[in-house]
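K.L.:
Each chain is listed here by its residues.
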Amino acid sequence: MDRRNPGAGREQDLVGWGRYPRARGVEVRSEDLESITRGASLCRGLGRAYGDAALPARGAAPLAATPLADRLLAFDPETGVLRAEAGVSLETLNRLLLPRGWFTPVTPGTQFVTLGGMVAADVHGKNHHVAGCFGEHVTALRMRVADGRVLEVTDESEPELFRATLGGMGLTGHVLEVEVRLERVSSPWIWRERTRHPDLASVLEALEAASAEWPMTMAWIDTTSRGRALGRGVVIVGRWAEPDEAPAQPPQPKRRFEVPPLPGLMNRSTIRALNAAYWSVMRPGAGIEHPESFFYPLDMLRHWNRGYGRRGFVQYQVVLPRAGDHAELLERFQRLGGASFVTVLKDCGEAGRGTLSWPKPGTSLALDVPMRGDATQRLVDDLNEFAVERGGRIYLAKDALTRPEHFRAMYPRLDEWQAVRRKWDPEGVLQSAQSQRLLGDAP
Amino acid sequence: MKTVIFGATRGMGRALARLLAERGDELVLLGRDPAELEKSAKDLEIRAGGAGHDRVGTEVCDLFDRKAFGSALDAAVQRLGGLDAVIVTAGVFGTQDELTDDADLLDRVLVADFVNTVHFCEEARLRLLESGGGKLCVFSSVAGERARRTIFLYGAAKAGLSYYLEGLDHRYRGEGLATICVKPGFVRTSMTAGLDPPPFTGEPDAVARSVLRAIDRGRPVVYAPPIWRWIMLTIRWLPRAVMRRLRF
Chain L
1 MDRRNPGAGR EQDLVGWGRY PRARGVEVRS EDLESITRGA SLCRGLGRAY GDAALPARGA
61 APLAATPLAD RLLAFDPETG VLRAEAGVSL ETLNRLLLPR GWFTPVTPGT QFVTLGGMVA
121 ADVHGKNHHV AGCFGEHVTA LRMRVADGRV LEVTDESEPE LFRATLGGMG LTGHVLEVEV
181 RLERVSSPWI WRERTRHPDL ASVLEALEAA SAEWPMTMAW IDTTSRGRAL GRGVVIVGRW
241 AEPDEAPAQP PQPKRRFEVP PLPGLMNRST IRALNAAYWS VMRPGAGIEH PESFFYPLDM
301 LRHWNRGYGR RGFVQYQVVL PRAGDHAELL ERFQRLGGAS FVTVLKDCGE AGRGTLSWPK
361 PGTSLALDVP MRGDATQRLV DDLNEFAVER GGRIYLAKDA LTRPEHFRAM YPRLDEWQAV
421 RRKWDPEGVL QSAQSQRLLG DAP
Chain B
1001 MKTVIFGATR GMGRALARLL AERGDELVLL GRDPAELEKS AKDLEIRAGG AGHDRVGTEV
1061 CDLFDRKAFG SALDAAVQRL GGLDAVIVTA GVFGTQDELT DDADLLDRVL VADFVNTVHF
1121 CEEARLRLLE SGGGKLCVFS SVAGERARRT IFLYGAAKAG LSYYLEGLDH RYRGEGLATI
1181 CVKPGFVRTS MTAGLDPPPF TGEPDAVARS VLRAIDRGRP VVYAPPIWRW IMLTIRWLPR
1241 AVMRRLRF
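Here the protein sequences come in this chain order: L and B.
Under my numbering, the letters of the first sequence match residues 1 to 443, in that order.
Under my numbering, the letters of the second sequence match residues 1001 to 1248, in that order.
Simulated from the structure, these hints should not be mistaken for lab results.
Just so you know, nobody snuck in bad clues.
Think about it this way: if two alpha-carbon atoms lie no more than 16 Å apart in a straight line, the pair counts; the simulated EDC-like pairs of lysine to aspartate or glutamate are:
id, chain 1, residue 1, chain 2, residue 2
1, B, Lys1042, L, Asp70
2, B, Lys1039, L, Glu34
3, L, Lys423, L, Asp147
4, B, Lys1042, B, Glu1022
5, B, Lys1039, L, Asp32
6, B, Lys1002, B, Asp1074
7, L, Lys254, L, Glu91
8, B, Lys1042, L, Asp76
9, B, Lys1002, B, Glu1130
10, B, Lys1002, B, Glu1022
11, B, Lys1002, B, Asp1216
12, L, Lys360, L, Glu136
13, B, Lys1039, L, Asp70
Produce the complete structure using the sequences and hints provided.
P.N.:
Structure below.
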């Protein structure tokens, strides 16, 4: 269907996955991403960034919604190099290509993300200690830069812009197409092993030991247990199954359940109960696992973010270089009344190519926190002060509450990145609610 | 199935073409912009890679150039080596306000969605009958069911189209040509972007799945999402005096 005014937008309230904060803005939707990015302030994909990373800046031009730009443009079944429009979802790639033996080299914890979003946040996954971030595997980007030109950008043609765009939160230019090298897998199934550990120190130790042997590792910890059991947890490791141990049939997409809009169910007692229940379900063992339940357990519950009610929640994800610091951070978190259900530890490898990429050597801790206004702001401030002191840093794709001074202290390459950004966008056309909050972008 | 789709580069046509490609149907795409056709064909080929067929053909065909309909269809049939189905999702949309204010746009909507779609279907009918029958699936709209104050200009073109499609089905079903008239309600595509989605809004993928079922079964009328069948049944029976008061 033709429309004279394709995807003309109307003003609406937009939120990220955490449903906090809200921002008003216009989102223009069209298959024709090249047209709608002309003059746009930011691209927005499937809205899985938790905080304000994909929310409109005050007084800025409309957002370009990417999900309708979802065509696969080239795929070489010899080398695994794929080129696709930025709005293609990872779910689409998995559904089409995993049965043929190809998987994204790096996957975040949900498959409801777009390729463009994966570049913007330079996502990491359970294999960060061996594979690095998504950006390590990106071979080229087609971008509309702020002056309106459309460019093919690679690490050879425009290294500064290319590296500033990996993890650049969509603020260096609009990503129209992504070219990435996929990974050949031995079968579309996962061999998974799980061990339980009585306290945080043993979880961290087991995680480190596991990463020396396994390509995929992570840990879940109980943030509501106290005393000696503080941070008891489950270390989960995996690898692609060998053809002779995997089922002959490719995995069928899992059934998903919808969480209805509800008043907030997540408070300290329900979170404590959920933690205890999860701990008892996560029995040690080994076996073949469906890739969806291994990589994306929460995708089974559509709209699980509704569990936090209208006030929403924030995720606090921080990487801390020294293993001893996590217990201290958790104690602070508990002291300030924090409780989290989806609490994940992941050891990170070397920092990648992205100038503003988040991971650096250390162990990442992610906490989901119900949003309770000023108290939550104080909690994040306190944790951030501790993180700055210990050389840690927070992940922009999750953040809603960090203060500019903390952010600056965490990212030593910020000035370098800002200089590249100013060079390609001297008038500051590209902005987000997050860039106004953290980077001093003027409305 | 050897299928020609007119309008597969966007929206519901794109979603439907993907379902056909992924199950291994042979496709030729008709559309106006050669570069867009090429990209969509490539997308479908990659998606179909697991299904055996990996060639998708394209022919340039503009809904405003009706003299070229016959030759585009002939080229498509030749490429496919036969013809089982023709699907038409191409069209032009305008809101009531846009069409009230802009006579040129109104002319485009009337010509594209009624006059030239009928011409195209006539050409398609000839070729389908020549190859022994098959399916002709055309996207009309629930807007063509009953005149409503908020959408009757666009609806008038679709009403004419639905009328024609019903007649076509009556006349030729006995000769093996089944006509399928698709009546989508509000579907979240770029066509409706920027409009306030009403209750019962559909998603293109779900619509495409119900349309494909209807094509396979040769059902003459399909509402999508299916609830619109009951909504329109009610609206069709509303007395004129009530209809006049309705605000939607």
